[in-house]
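K.L.:
Given next are the chains, with one letter for each unit.
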Amino acid sequence: MVTNKQPVTRNASPSLLKATFAIVRKDLAAELRSFELISAMLVFSLLVIIIFNFALELDVKVRQSVTAGVLWTTFAFAGTLGLNRSMSTEKDRGCMDGLLLAPVDRSAIYFGKAISNLAFMLIVEAIVLPVYSILYNVNLFRLDLIGVILLGSIGYTAVGTLLSAMSVQTRTREVLLPILLFPVAIPVLLASVKASGSLLAGAEFSEILTPLNILIVYDIVFISVAFMLFDHVVEE
Amino acid sequence: MQPKPTALKILDVVSIIVLAISTYLALFFAPTELVMGQVQRVFYFHIGTAWVGLLGFVLAAVSGVIYLVTKDMKWDRFEVAAVEVSTMFFFLTIVLGSIWARPAWNTWWTWDPRLTTAAVTELIYIAYFMLRQGIDDPEKRARFGAVYTLLGGISAPITFMVIRLFRSIHPVVVGAANANQDKLSMTGDMKIAFFFALFAFTIIFIDLIWHRVRLSGLEEKVEQLKLKVSM
Amino acid sequence: MDTIPDTSSYMTAGFIVTFVTMGIYVLSLYIRNQNLKRDVDTLESLQAEKPKSKK
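So the sequence lines, in the order shown, correspond to chains Y, V and F.
Taking the numbering used here, the leading residue of the first sequence gets 1, the next gets one more, and so forth.
Taking the numbering used here, the leading residue of the second sequence gets 1001, the next gets one more, and so forth.
Taking the numbering used here, the leading residue of the third sequence gets 2001, the next gets one more, and so forth.
A couple of the hints might just be wrong.
Okay, derived cross-link-like pairs now, DSS-like style, lysine-lysine, Cα gap no bigger than 30 Å in a straight line [said to hold, decoys possible]:
id, chain 1, residue 1, chain 2, residue 2
1, F, Lys2037, V, Lys1228
2, V, Lys1226, F, Lys2037
3, V, Lys1009, F, Lys2037
4, F, Lys2037, V, Lys1074
5, F, Lys2050, V, Lys1071
6, V, Lys1221, V, Lys1140
7, Y, Lys91, V, Lys1071
8, V, Lys1226, F, Lys2050
9, V, Lys1140, F, Lys2037
10, F, Lys2050, V, Lys1221
11, V, Lys1140, Y, Lys26
12, V, Lys1071, F, Lys2037
13, F, Lys2037, V, Lys1221
14, V, Lys1004, F, Lys2037
Estimated spans, in silico, between C-beta atoms of each pair [said to hold, decoys possible]:
id, chain 1, residue 1, chain 2, residue 2, range
15, Y, Gly202, V, Trp1111, 17 to 27 Å
16, V, Thr1107, Y, Leu16, 45 to 55 Å
17, V, Thr1107, F, Asp2006, 58 to 68 Å
No lab work stands behind these hints, which were simulated from the structure alone.
This structure is a prediction, so every number in the text was calculated from the model and none was measured.
The beta-carbon is built from N, C-alpha and C at its ideal position, and this holds for glycine as well.
Given these sequences and hints, build the entire structure.
P.N.:
Written as structure tokens, this is what we have:
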């Protein structure tokens, strides 16, 4: 028995990467066929921006101070939409059970889902940013801003993937995810808004260092914690 | 359900006594604070409830970890008890803080790091109960609860740190300076009332948790009986 | 500041809120406890009846 098991555990680590990307590929392929998720997230984001436009009277003056807040609120809302959908399709079509039965490490499932969720979020952000730039005549295509958005989205999806795996298994399902996610994700949203706001206001790099450090710390801490806890969430 | 143990009965009586003494100390023994007047007497209970609220939060996260490692339901019962009792105490902390802030800073609410973190923590507690409510299987409920308390336990200190770091850019009403002044200008009698309040609320906290844990035991018994009867 | 501001009404409110909230919590514990005890009694009597009715 022991000798039988040995190679399996040794093989687990090289196949982790392969398994992870197999899951990512599966999600992206399914998405590219229907564009269900991305189109929903995208239309939702644009609607949120339009609502903000009227709610906040986004004229030139106001825009300068609230652009970062509007963007991140939009990303956060669209993010929960995507996270919910991506997990509940797994659950509804019974794919989750299939994945759990597959002889892969559970962490591969977590990383696979997290990376594909991140990819969806980034695709939506990549479309929202130019649209916002055109609509409001601000240049959001800056490498430093994109870096901040990337870091923020990583932290958000790292926790969001874990929590959405939990919320789809409850009776209230979709309703529960934002309630669980927002209070825990406050640090990452705050730091992202702060960093993007300072960047857009043309601040020095040293001023952005604090929120940037927080983002990096949050990402590292929550990726490792979520990855360790994921096993307990999908266990059946 | 076992009959109420004697130790718990004694603890009940002791809790009531220390609460009475602490109230006396806060209301009559401690001198009136000169800057804020009578309302400062709320401070002793404010600190007492905040201390046990925080203690409960840490204990819940720790018992969450222990549950995930041992899978022993008794840690889940303890975790629920700690979260529920802390929710009650933290609510009191926030309300008392608000009542104090109104005459002191002329506002019911400031977005000061401590207040904001307390509010976020309270929301995490509420989310925790909503999560548990949506799950029927007790074992899964315990697992998810443990995972969420752990996430909350890590996120809350980061939230506090983040708000505190950004405060230098985002100024808030007086806040910290004022509170520090209080602590420095505490007279001997105030210190007695202060430390006794901490002690008293710790006793009350233990007593309430004990009762809540026993209640969970009873809940479990009912669930098991229901299964037996329906079979 | 020479005169101490009169804030005793706030203080009274604070103490009342504290005792009322703690009272409600203790009461809720008591009520839940009573309800569960009743459930246990009902379920136990149901369980005792069940084998008889089967026979």
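K.L.:
Does Lys2037(F) pair with Lys1074(V) here, judged by a C-alpha cut-off of 30 Å?
P.N.:
holds, 20 Å
K.L.:
Are the Cα atoms of Lys91(Y) and Lys1071(V) separated by 30 Å or less?
P.N.:
holds, 25 Å
K.L.:
Holds or violated: 17 to 27 Å for the Cβ distance of Gly202(Y) and Trp1111(V)?
P.N.:
The hinted range 17 to 27 Å holds for Gly202(Y) and Trp1111(V), with Cβ atoms some 25 Å apart.
K.L.:
Sort out whether Lys26(Y) lies within 30 Å of Lys1140(V), counting only the CA atoms.
P.N.:
holds, 28 Å
K.L.:
For the pair supplied as a hint, Lys2037(F) and Lys1221(V), is the alpha-carbon distance within the 30 Å limit?
P.N.:
Given pair Lys2037(F), Lys1221(V) holds - Cα atoms ~10 Å apart, limit 30 Å.
K.L.:
Hinted pair, alpha-carbon criterion (30 Å max): Lys1009(V), Lys2037(F). Please report holds or violated.
P.N.:
Within the cut-off at roughly 19 Å; holds.
K.L.:
Would you say the C-beta atoms of Thr1107(V) and Leu16(Y) sit inside 45 to 55 Å of each other?
P.N.:
With a Cβ separation near 53 Å, Thr1107(V) and Leu16(Y) satisfy 45 to 55 Å, so the hint holds.
K.L.:
Decide if the proposed pair is consistent with the structure: Lys2050(F) and Lys1221(V), CA atoms, cutoff 30 Å inclusive.
P.N.:
Distance ~18 Å between Lys2050(F) and Lys1221(V) Cα, so the pair holds.
K.L.:
Does the structure keep Lys1226(V) and Lys2050(F) at a Cα separation of 30 Å or less?
P.N.:
Holds, because 13 Å separates the two Cα atoms, which is no more than 30 Å.
K.L.:
Is Lys2037(F) within 30 Å of Lys1228(V), Cα to Cα?
P.N.:
The given pair, whose Cα atoms are some 17 Å apart, holds under the 30 Å limit.
K.L.:
CA of Lys2050(F) to CA of Lys1071(V), is that 30 Å or under?
P.N.:
With a Cα-Cα distance of about 33 Å, the restraint between Lys2050(F) and Lys1071(V) is violated, given a limit of 30 Å.
K.L.:
Is it true that the CA of Lys1226(V) sits at most 30 Å from the CA of Lys2037(F)?
P.N.:
Answer holds: Lys1226(V) to Lys2037(F) is near 13 Å, not above 30 Å.
Of the hints listed earlier, those the structure fails to meet are numbers 5 and 17, in rising order.
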